[in-house]
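Peer 1: Each chain, letter by letter, is given below.
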Amino acid sequence: MTLTALALQLLNGLASASALFLVAAGLTLIFGVTRVVNFAHGSLFMLGAYLAWSFGEAFGDGVAAHWASVLAAAAVVALVGVAIEALLLKRLYAAPELLQLTATFGVVLVVRDAALALWGAEDKLGPRVPHLDGTVQIAGRAIPEYDLFLIVVGPVVLVTLTWLVTRTRFGTLIRAASENRVLASALGVRQALLFSAVFALGAGLAGLAGALQLPREPANLNMDLAVVAEAFVVTVVGGLGSIPGAFLAALIIGLVKALCIGLGTVEIGGVAVAFPRLTLVAEFVVMAVVLAVKPHGLLGAPPPVLASTPLPEQRTLVLVPGRRAAVAAAVLFGALALLPAVVDDYLLVLATDVLVATLFAASLQFIMGPGGMTSFGHAAYFGVGAYAAALAFRHGWPMPAALALAPVAAMAAAVLLGGFAVRLAGVYLAMLTLAFAQIVWSIVYQWDAVTGGSNGLVGIWPPALLAHRASYYLFTLAIVGSALLLLARIAHAPFGFALRAARDSSLRAAAIGVDVRATQWRAFALAGAFAGLAGGLFAFSKGSISPETLAIPRSVDALVMVLLGGLNALAGPLLGAAAFTWMQDELARATDYWRAATGVVILAIVLLFPQGIGGALARLRPRRRPLAT
Amino acid sequence: MSAAPVLAVERLSKSFDGVRAVRDVSFRVSAGELCALIGPNGAGKTTCFNCVNGQLVPDEGRVWLAGVNVTGRPPREMALAGVGRTFQVAATFASMTVRENVEVALLSHAGHGEALLARASGARRAQADALLERAGIAALADRHCGALPYGDAKRVELALALAGNPKLLLMDEPTAGMAHADRDAIMATAAELARRDRVAVLFTEHDMDVVFGFADRIVVLDRGRVIADAPPDVVRADANVQAVYLGTA
Numbered sequence: 001m002t003l004t005a006l007a008l009q010l011l012n013g014l015a016s017a018s019a020l021f022l023v024a025a026g027l028t029l030i031f032g033v034t035r036v037v038n039f040a041h042g043s044l045f046m047l048g049a050y051l052a053w054s055f056g057e058a059f060g061d062g063v064a065a066h067w068a069s070v071l072a073a074a075a076v077v078a079l080v081g082v083a084i085e086a087l088l089l090k091r092l093y094a095a096p097e098l099l100q101l102t103a104t105f106g107v108v109l110v111v112r113d114a115a116l117a118l119w120g121a122e123d124k125l126g127p128r129v130p131h132l133d134g135t136v137q138i139a140g141r142a143i144p145e146y147d148l149f150l151i152v153v154g155p156v157v158l159v160t161l162t163w164l165v166t167r168t169r170f171g172t173l174i175r176a177a178s179e180n181r182v183l184a185s186a187l188g189v190r191q192a193l194l195f196s197a198v199f200a201l202g203a204g205l206a207g208l209a210g211a212l213q214l215p216r217e218p219a220n221l222n223m224d225l226a227v228v229a230e231a232f233v234v235t236v237v238g239g240l241g242s243i244p245g246a247f248l249a250a251l252i253i254g255l256v257k258a259l260c261i262g263l264g265t266v267e268i269g270g271v272a273v274a275f276p277r278l279t280l281v282a283e284f285v286v287m288a289v290v291l292a293v294k295p296h297g298l299l300g301a302p303p304p305v306l307a308s309t310p311l312p313e314q315r316t317l318v319l320v321p322g323r324r325a326a327v328a329a330a331v332l333f334g335a336l337a338l339l340p341a342v343v344d345d346y347l348l349v350l351a352t353d354v355l356v357a358t359l360f361a362a363s364l365q366f367i368m369g370p371g372g373m374t375s376f377g378h379a380a381y382f383g384v385g386a387y388a389a390a391l392a393f394r395h396g397w398p399m400p401a402a403l404a405l406a407p408v409a410a411m412a413a414a415v416l417l418g419g420f421a422v423r424l425a426g427v428y429l430a431m432l433t434l435a436f437a438q439i440v441w442s443i444v445y446q447w448d449a450v451t452g453g454s455n456g457l458v459g460i461w462p463p464a465l466l467a468h469r470a471s472y473y474l475f476t477l478a479i480v481g482s483a484l485l486l487l488a489r490i491a492h493a494p495f496g497f498a499l500r501a502a503r504d505s506s507l508r509a510a511a512i513g514v515d516v517r518a519t520q521w522r523a524f525a526l527a528g529a530f531a532g533l534a535g536g537l538f539a540f541s542k543g544s545i546s547p548e549t550l551a552i553p554r555s556v557d558a559l560v561m562v563l564l565g566g567l568n569a570l571a572g573p574l575l576g577a578a579a580f581t582w583m584q585d586e587l588a589r590a591t592d593y594w595r596a597a598t599g600v601v602i603l604a605i606v607l608l609f610p611q612g613i614g615g616a617l618a619r620l621r622p623r624r625r626p627l628a629t
Numbered sequence: 001m002s003a004a005p006v007l008a009v010e011r012l013s014k015s016f017d018g019v020r021a022v023r024d025v026s027f028r029v030s031a032g033e034l035c036a037l038i039g040p041n042g043a044g045k046t047t048c049f050n051c052v053n054g055q056l057v058p059d060e061g062r063v064w065l066a067g068v069n070v071t072g073r074p075p076r077e078m079a080l081a082g083v084g085r086t087f088q089v090a091a092t093f094a095s096m097t098v099r100e101n102v103e104v105a106l107l108s109h110a111g112h113g114e115a116l117l118a119r120a121s122g123a124r125r126a127q128a129d130a131l132l133e134r135a136g137i138a139a140l141a142d143r144h145c146g147a148l149p150y151g152d153a154k155r156v157e158l159a160l161a162l163a164g165n166p167k168l169l170l171m172d173e174p175t176a177g178m179a180h181a182d183r184d185a186i187m188a189t190a191a192e193l194a195r196r197d198r199v200a201v202l203f204t205e206h207d208m209d210v211v212f213g214f215a216d217r218i219v220v221l222d223r224g225r226v227i228a229d230a231p232p233d234v235v236r237a238d239a240n241v242q243a244v245y246l247g248t249a
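Which chain is which? The protein sequence lines are G and L, in order. Quick note on numbering: the first sequence equals residues 1 to 629 in the working numbering. Quick note on numbering: the second sequence equals residues 1 to 249 in the working numbering.
Since the hints were derived computationally from the structure, they do not count as laboratory data. Glycine included, each C-beta is placed from N, C-alpha and C at the ideal position. One thing to keep in mind: the hints can contain errors.
[Unchecked claim] Label-pair restraints from in silico Cβ distances:
#, chain 1, residue 1, chain 2, residue 2, range
1, G, 295, L, 19, 19 to 25 Å
2, G, 292, L, 19, 27 to 33 Å
3, G, 187, L, 74, 37 to 43 Å
4, G, 482, L, 138, 37 to 43 Å
Model the full assembly from the supplied sequences, consistent with the hints where possible.
Peer 2: Structural data, given as structure tokens:
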């Protein structure tokens, strides 16, 4: 490849970096002031793109019309941001951060389906930008004028935001609130107004970014999570809360990706390496390197001592399951084994789904409950397990061997991510796990030759012995039952106690000789393995898998199941999985917009039980022991 | 010839952003001795303390534990090398019973903290109950630790700190936040344990009644330097110390 071609790609990378910076800057601003990481920020970007398309159609051609449509889109998205803040987040500022994040996740689902309803499933092609639709000759190569324009936009926004934050009264208020919310409010800063304004600004930036990106990339329904995952990587690399950091990180990531594309397929030591396919991996590598050297990002300060609010369930006494629990479990699984005798095939399939979901949710409960770590990308392990089993099976492995590979492969993925994850906590961890899951999803989605791309893999059926619905159900029941038993055992073994000790007080745990990071890392690996096993069972129960298997919405499903069932209750994953799977089945039959319906359910749960359902139930239960002196 | 002191801090220095919080600090604590580390706010107590417990790595100087150079080891390794500690704000495991708290510590020190399939609760019951007895909270064994009154939580911490049979016990403001009667009681427990088991104790403390009532020796810091290192009577009469505390020169 020539140097000029490379330079061309770098310019392209700079243009992409601008949009990414706008999104990340908004995210960082909102976080700085409200301490909420807005998972729906990518959805605001997507809305910006779709709205710009609609306004473009309505306003017609011409320079003024085009730019009016861009600004109108940004303005409407700013209003949507204000509405989200006023209707939802305002009620959740005091809630545990896990629930804040989950709530914004609900918004993602609602916005996705709203976009589907309003604009349909087809991509919306962007307009040609009047006066900027030509190319400029640089070193004999044609460069789109619009790219050059975007390259300028990034620094202009950076300078404007910096001026706004450092030189205006509004900026002073933002900085005061970022430093110390309580003090700022005690000094008379009208917090409600400030939060609304910051949300409007942040959301407006995301909307603007989407509208500006439209001429380069058609508006589509996958934009939301793709963009938010990238924005998370950028903010984590740049340092959460730092606007210049976000700019720097967006530049670096934009350039590294451009470089990968520019390099093309290169022969390295006799092996052809297709760099363009590595762009997603490259992003992750950049993040890994930066976090290894600077755990708080390039320009980030160590996270302010956040009064991270744990769920009340994390402070309640966890009882070691006694004989009664063992008997109850035995009776329950005995009864479940009789199910094929009484229900039809449809219900058996649903029951198999519930069992698979139970194991998946239990693995998440393990790291969220005893582990105290938030995972927003747990589907990655589920999916890696499913794909590993499916691929092994299609390469001629017998079904039991293929199924056994599922937890091993998923554990490998969890070990890889866990290495970074255990250095982080709270919102950083949530952002990292989501970004990782999105990257895994993108790799599976794009790697046609191996994973079948968007079509997935088909023909993954168990051998004749297990081919019948009832026999596969019983097989699943046996495996899931054993796995749950094992998980419960681990949770109450010395390892599980050390893990809980690290969660309850990491300082104290270290002071009694517990290796906090190693313990949490192992927990990550274990949870990954169990999720992978669930994924393997899933693949053989469906006969086919698609990238949906490891998409973010599946991570949300598990999260909701855990929240429904409670972080501590042994039967929690089963109850949560049963309730949620049944609900989704009903919703899927009732409406095409089951995703939005799920989002609404999530929002309802969070708003009605701002301390978590498990916490609410814990308050209803009579206490076993007197707690006061 | 006497054995090496349990703790020897040797010419310790630590700066933050160019400000020298601790300069050239040296002192020793012997087995069975209660040594108080005191000084006005900003004198460098906490920095010094954190260099000994492993939370900070000193810029210069050495920390010796029973003749072994442990400078710069992280808290976990300090714990395994024989340093037990209590925190200024009592840190216990809120989701466990009092006995389980101690059992976790015992399992960890015994090297069994990683076992995946054994049973944890009740695993070291006798040993745990003996420790709770020593800390004076045997009656609370089955109580939910997260719901204990503060004074009791401090005692759970003491039991946790003793679980590894430490050579050195570090107590950061052991009586902070406690009622007066409780203060003397917990210090009396600590002092008794230290003398009986020949544990060296280093503690910081704001309450001068506690310091002069229980310390065998007092190290006084001011602006990062040691200005006195002597038994309570001598320190009480020291003109330098009086100047620092009373503001007269």
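Peer 1: Taking the hints in turn, state whether each one holds.
Peer 2: Against the structure, the hints come out as follows:
1. 295/G <-> 19/L: 19 to 25 Å: holds (24 Å)
2. 292/G <-> 19/L: 27 to 33 Å: Once the Cβ atoms are compared, 29 Å apart, the range 27 to 33 Å for residue 19/L and residue 292/G holds.
3. 187/G <-> 74/L: 37 to 43 Å: holds (40 Å)
4. 482/G <-> 138/L: 37 to 43 Å: holds (40 Å)
Violated hints: none; the structure is consistent with every hint.
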